[in-house]
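Going down the list, the protein sequences come from chains C and X. Going by the numbering used here, the first residue of the first sequence is number 10, and it counts up by one from there. Going by the numbering used here, the first residue of the second sequence is number 10, and it counts up by one from there.
To be clear, the hints were calculated from the coordinates, so they are not data collected in a lab. Just so you know, these numbers come straight off a predicted model, no measurement behind them. Some clues are possibly wrong.
To be verified - To be clear about the criterion: a stretch of chain C counts as covered by chain X if any three or more of its residues have a C-beta under 8 Å from a C-beta of chain X, and this derived list gives those stretches:
{"hint": "1", "region": "21-35"}
{"hint": "2", "region": "49-63"}
{"hint": "3", "region": "70-82"}
{"hint": "4", "region": "127-138"}
Said to hold, decoys possible - Residues of chain C placed beyond 10 Å of chain X at every Cβ, according to the derived structure:
{"hint": "5", "residue": "G17"}
{"hint": "6", "residue": "V45"}
{"hint": "7", "residue": "E86"}
Heads up, the beta-carbon is just placed ideally off N, CA and C, and yes, glycines get one too.
Protein chains: 2
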Amino acid sequence: MDILHRIGIEKSSPEKVYDAITTLDGLSDWWTEKTVGDTGLGGVIAFRFIPGGFDMKVIELDPGRLVRWEVVDGPPEWIGTTIRWELEQRGDYTIALFKHEGWREPVEFMHHCSTKWAIYLMSLKQLVETGEGAPSPRDVMISDWH
Amino acid sequence: MDILHRIGIEKSSPEKVYDAITTLDGLSDWWTEKTVGDTGLGGVIAFRFIPGGFDMKVIELDPGRLVRWEVVDGPPEWIGTTIRWELEQRGDYTIALFKHEGWREPVEFMHHCSTKWAIYLMSLKQLVETGEGAPSPRDVMISDWH
């Protein structure tokens with residue numbers, strides 16, 4: 010079971026969006042301010058939020074085109090799942106196709122994460138378009154689960 | 010294949026959220042201003058957007074708890090899919106669990122619709138919490154596909 014999303018980022022380029030998802034500065038400007046670790050191939054990036062976080066191993070990198078992470082630590086539902094970013098330019102928009110793949114059950118937490126990913130992808134779009142994202146802990150709240 | 014989402018609406022009630030998804034006034038205040046039809050059991054509601062729209066047959070209604078629609082007309086990928094809303098009060102939040110069930114293929118359009126549903130669910134949350142949603146054509150754009 011997968012979470013799927015698609016956004017289009019205006020007046021950007023696949024390279025700019027790739028930077029925002031493959032550098033500590035970029036990631037901490039749209040996902041969570043508490044981002045540390047090694048963003049190179051085989052490295053592990055630690056993303057921390059108020060209640061906890063995720064450790065992601067970088068398992069594939071194709072500059073300006075593809076990024077893949079594997080969740081190596083975090084909530085049990087996340088461990089072993091993978092995240093795929095595909096980037097492509099179409100006219101004025103850089104299209105980002107996003108997949109969070111390999112959920113085992115459609116639990117309530119998966120519903121939450123799907124909506125929350127959309128909010129963070131909009132933060133990424135806003136960051137690249139305007140220079141200002143809304144990363145945790147300044148992120149948009151969607152529910153009692155933050 | 011399903012699109013899943015979860016939002017929590019503060020200082021509301023399942024009855025208020027139920028009203029917003031089962032009346033023409035409610036639906037046109039968060040999803041699309043162009044909403045017409047019959048919201049009763051067995052009725053068909055026509056939702057129209059700039060490029061087209063969806064006709065939904067109301068196939069299940071349990072006041073304050075559950076709403077289900079079946080897509081009877083619209084884009085080929087949507088026809089035959091179903092939409093399920095489950096509502097429940099937990100403390101200060103009305104939790105809405107949303108499922109758009111029965112997609113046949115994980116096409117790019119499914120990625121788009123997943124993100125766009127999140128945006129509209131946030132519009133629903135905003136409507137019930139503040140009295141003001143962001144329905145089409147005043148909705149938040151996410152890409153070249155609107």
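Numbered hints the structure breaks, given as an ascending list: 1, 2, 3 and 5
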